[in-house]
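**Student:** Listed below, chain by chain, are the residues.
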Amino acid sequence: MAKRAAPEVNAGSMADIAFLLLIFFLVTTTIPKDSGLNRKLPPIEENDEDVIIKEKNIFTVQVNSKDQLLVEDEITELQNVRDLAMAFLDNNGDGSCNYCQGARDSKSSDNPDKAIISLKNDRETSYSMYISVQNELVAAYNELRNRRAEQVGPKRGFKGLNFVEMEKAYKDPKFNGNKEKLKEVIDQIRNEYPEKLSEVQ
Amino acid sequence: MSKFKSKKDNSLPAVNTASLPDIVFMLLFFFMVVTVMREDTLMIENKLPLADQVEKLDKKNPISYIYMGKPARGYEKFGTEARLQLNDKFAQISEVQAFINAERAALREELIPYLTVSLKVDREANMGIVGDVKQELRKANALKINYTTGTGDVMNNIDR
Numbered sequence: 002m003a004k005r006a007a008p009e010v011n012a013g014s015m016a017d018i019a020f021l022l023l024i025f026f027l028v029t030t031t032i033p034k035d036s037g038l039n040r041k042l043p044p045i046e047e048n049d050e051d052v053i054i055k056e057k058n059i060f061t062v063q064v065n066s067k068d069q070l071l072v073e074d075e076i077t078e079l080q081n082v083r084d085l086a087m088a089f090l091d092n093n094g095d096g097s098c099n100y101c102q103g104a105r106d107s108k109s110s111d112n113p114d115k116a117i118i119s120l121k122n123d124r125e126t127s128y129s130m131y132i133s134v135q136n137e138l139v140a141a142y143n144e145l146r147n148r149r150a151e152q153v154g155p156k157r158g159f160k161g162l163n164f165v166e167m168e169k170a171y172k173d174p175k176f177n178g179n180k181e182k183l184k185e186v187i188d189q190i191r192n193e194y195p196e197k198l199s200e201v202q
Numbered sequence: 117m118s119k120f121k122s123k124k125d126n127s128l129p130a131v132n133t134a135s136l137p138d139i140v141f142m143l144l145f146f147f148m149v150v151t152v153m154r155e156d157t158l159m160i161e162n163k164l165p166l167a168d169q170v171e172k173l174d175k176k177n178p179i180s181y182i183y184m185g186k187p188a189r190g191y192e193k194f195g196t197e198a199r200l201q202l203n204d205k206f207a208q209i210s211e212v213q214a215f216i217n218a219e220r221a222a223l224r225e226e227l228i229p230y231l232t233v234s235l236k237v238d239r240e241a242n243m244g245i246v247g248d249v250k251q252e253l254r255k256a257n258a259l260k261i262n263y264t265t266g267t268g269d270v271m272n273n274i275d276r
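Order-wise, the sequence lines are chains A and B.
Read in the working numbering, the first sequence has 129 at position 128, and its numbers run on one by one without any break.
Read in the working numbering, the second sequence has 253 at position 137, and its numbers run on one by one without any break.
Be aware that a few hints might be false.
Cut-off 25 Å, straight-line C-alpha distance, at most; resulting in silico cross-link-like pairs (BS3-like, lysine-lysine) [said to hold, decoys possible]:
id, chain 1, residue 1, chain 2, residue 2
1, B, Lys193, A, Lys41
2, A, Lys197, B, Lys260
3, A, Lys184, B, Lys193
4, A, Lys169, A, Lys34
5, B, Lys193, A, Lys169
6, B, Lys250, A, Lys67
7, B, Lys255, A, Lys34
These aren't lab readings, by the way, just hints derived from the structure by calculation.
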């Protein structure tokens, strides 16, 4: 009966394998980070002076208790809100906005600076519907700003970046470019399509 | 016959355990990296709605969390309507201002204007309670808010 001892497995490289795995996981795992829609609430003002705003400069969106949408007094589906809002913001009724591509309808908004979106909700409206509508309205602003960024960006040395990417690049500490110049472009686009979204209580 | 017999013991050699600490440390580090510390113990259901135009919540600025949703399992005695949770307990709408002031008191003075309130609201909650909280936040002059959402297509919110 031949007795033969099994050769011992060399475990010296086990630690290397373990470190390799450790580094792999360290690199690939991302810590989940909260994200969401940033909003600014209007401050409570003591002297409530009524500012007169022309009816045509207000784009009303109402969500009722059954989560149905009423945009400019017409029942609308959620998918269409973004396009309607973009058409309204980009309308350029008085012709003062030279970068707009809207229909110049005299019954719609004068220019993006005057255009206000008013979002009304009912107490019974579901939160998910409300967020969906807000998301679509923010998307309308972002799409217009992206379009503008693609016009302005290449001239100022930021080719191939849309507005959302510009903002991301501005916040990114690894971005190697002229941040001050980027900030100027972002501010310019923000002023050209200011986000005027009011949430009515 | 016994001439060729090996003198060695032919039982199996013990498994080398020298690398066991490495494996354990690796697991430890892995879990240390991926775990997210929860600030509060949730006593409500909190399934966030989805949105795709989201911005990251900047951790450099101080954030206060306000949770809303219907009481979770085990807390049915608090009813089925959406409730407000501040820190680790259910709260009334009127307590929001005190909560914000307490959060501010814990901050360094120069950071106070940057305080962002993150509203973590269950997707099935109604806007009534959210509107009330927003009104209280306005009274407390905490105007920077963030509707914290998941990332995804909004159309998934509707036909749930």
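**Student:** Hints first: check each against the structure and report whether it holds.
**Tutor:** Comparing the hints with the structure gives:
1. B:Lys193 to A:Lys41: Violated: lysine 193 of chain B and lysine 41 of chain A sit about 35 Å apart, past 25 Å.
2. A:Lys197 to B:Lys260: holds (15 Å)
3. A:Lys184 to B:Lys193: Violated. Lysine 184 of chain A to lysine 193 of chain B sits at ~52 Å, over the 25 Å cutoff.
4. A:Lys169 to A:Lys34: holds (15 Å)
5. B:Lys193 to A:Lys169: This hinted pair is violated, its Cα atoms lying about 45 Å apart.
6. B:Lys250 to A:Lys67: holds (22 Å)
7. B:Lys255 to A:Lys34: At roughly 29 Å apart (the allowed maximum being 25 Å), lysine 34 of chain A and lysine 255 of chain B break the hint.
The structure fails hints 1, 3, 5 and 7 (numbered hints given earlier, in ascending order).
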